[in-house]
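Trainee: Sequence:
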Amino acid sequence: MEPFEHDELSEQELDDLLNQWTSPAAPPHLRAALFPPAPGSWWRRMWTVSIRVPLPVACCLALLLAAAAWRAAQPAPPAFKPTVVSTPAHDLTFNELRPVVELRPRIIRRENGKN
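Residue numbers for the sequence shown follow the numbering used here, beginning at 1 and rising by one.
Label pairs and their calculated CB-CB ranges:
id: 1; residue 1: S50; residue 2: R71; range: 25 to 31 Å
id: 2; residue 1: A72; residue 2: R106; range: 46 to 52 Å
id: 3; residue 1: R31; residue 2: E8; range: 36 to 42 Å
id: 4; residue 1: W47; residue 2: A79; range: 42 to 48 Å
id: 5; residue 1: Q12; residue 2: A58; range: 54 to 60 Å
id: 6; residue 1: T93; residue 2: A73; range: 44 to 50 Å
id: 7; residue 1: S50; residue 2: A72; range: 26 to 32 Å
These are computed hints drawn from the structure, not numbers from a lab.
Backbone N, C-alpha and C fix where the C-beta goes; we use that ideal spot for every residue, glycine too.
Modelling step: build the complete structure from the supplied sequences, incorporating the hints.
Mentor: Printed below as a string of structure tokens:
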């Protein structure tokens, strides 16, 4: 005689056992571990709050913050001081300006250029 030969249950018997089964009660410390009590005051909650940020976003924000700090630490560029250009011998007014009558562009090839 083989063991477990007569210990097999039918589907109906297994369903009946499942309907009779009740789950055990959860231990009281489990609720406290999953749902800790809320902090008492608003300032305590402010110090314990957390914001989840994806790593690429956090890296980009850190780089932007570092660039802004580096930019702020650089000395200010010197102020723009316009140079005084000597006025030509003939001062033109706006009313004396006329459009160009004939435009003759001159093409300078790279090998012929003096720059």
